[in-house]
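Visitor: These protein sequence lines are chains A and B, in that order.
The first sequence: position 107 = 107 (this note's numbering), numbered continuously.
The second sequence: position 65 = 65 (this note's numbering), numbered continuously.
All clues given are correct.
Heads up, incomplete: computed chain B residues facing chain A, CB under 10 Å, no partners named:
1) G1
2) S9
3) Y32
4) K42
5) P44
6) D49
7) C90
8) S93
9) F99
10) G100
11) A101
12) G102
With a straight-line Cα cutoff of 25 Å, these simulated DSS-like cross-link-like pairs (lysine-lysine) come out:
13) K96(B) - K55(A)
14) K57(B) - K22(B)
15) K53(A) - K94(A)
16) K71(A) - K53(A)
17) K57(B) - K68(B)
18) K42(B) - K13(A)
19) K71(A) - K96(B)
20) K68(B) - K22(B)
21) K53(A) - K3(A)
22) K71(B) - K57(B)
23) K42(B) - K94(A)
24) K70(A) - K18(A)
25) K18(A) - K53(A)
26) K37(B) - K3(A)
27) K71(A) - K18(A)
28) K108(B) - K37(B)
29) K94(A) - K37(B)
30) K96(B) - K3(A)
31) K37(B) - K57(B)
32) K42(B) - K3(A)
33) K96(B) - K71(B)
34) K94(A) - K96(B)
35) K58(B) - K94(A)
36) K94(A) - K57(B)
37) K55(A) - K18(A)
38) K96(B) - K37(B)
39) K96(B) - K53(A)
40) K57(A) - K94(A)
Derived from the structure by calculation, the hints contain no laboratory data.
Heads up, the beta-carbon is just placed ideally off N, CA and C, and yes, glycines get one too.
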Amino acid sequence: DVKVTQSSRYLVKRTGEKVFLECVQDMDHENMFWYRQDPGLGLRLIYFSYDVKMKEKGDIPEGYSVSREKKERFSLILESASTNQTSMYLCANKVVGAYEQYFGPGTRLTVT
Amino acid sequence: GENVEQHPSTLSVQEGDSAVIKCTYSDSASNYFPWYKQELGKRPQLIIDIRSNVGEKKDQRIAVTLNKTAKHFSLHITETQPEDSAVYFCAASGNKLVFGAGTILRVKS
Chain A
1 DVKVTQSSRY LVKRTGEKVF LECVQDMDHE NMFWYRQDPG LGLRLIYFSY DVKMKEKGDI
61 PEGYSVSREK KERFSLILES ASTNQTSMYL CANKVVGAYE QYFGPGTRLT VT
Chain B
1 GENVEQHPST LSVQEGDSAV IKCTYSDSAS NYFPWYKQEL GKRPQLIIDI RSNVGEKKDQ
61 RIAVTLNKTA KHFSLHITET QPEDSAVYFC AASGNKLVFG AGTILRVKS
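Starting from the given sequences, assemble the full structure and let the hints guide the process.
Guide: Structure (structure tokens):
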């Protein structure tokens, strides 16, 4: 059974702070993804990574960066948090060549 | 890039009735169409998917149909139960997955 964990379920940060969200998966999947989920907008792709040290911009990368130093860990970084980054953040992963993505439990980030 | 539209945004049905959620996509190169269910406070989970070489797929009370010519696909839930209440997301995939905005399904008992 694929296990995907995220470092926090709830997080409150101040405007301007640097924020790290971590995702860890235990199934040796190469591809990892970060989405944000907002009501009425669905899930939007921020960044993804095909493999270690590889990263690609998704549809809404502005204000975010990522790090993939190890295969099992994919970090999302908010360099200077802003109130419009208040959202639910979901990570996901999948096997190369397969379609199904497995999601983590999500981190609800509030920026005040 | 791909754009996925999903309707309706909310849907209320009586227990035992059927529910239908519809999605359209824009990129004719998309070849994989999953449906995810997200219960309150939980992660999205895949409930059914369909590839572009198939027109219909069924799994117990849920089914998905795909019309590639019209670029739309639908989720059908029959004999709805209260535990079907959740947010449902469609998605379309070419080289990456693009999600619809979601449908809140409420099954009234």
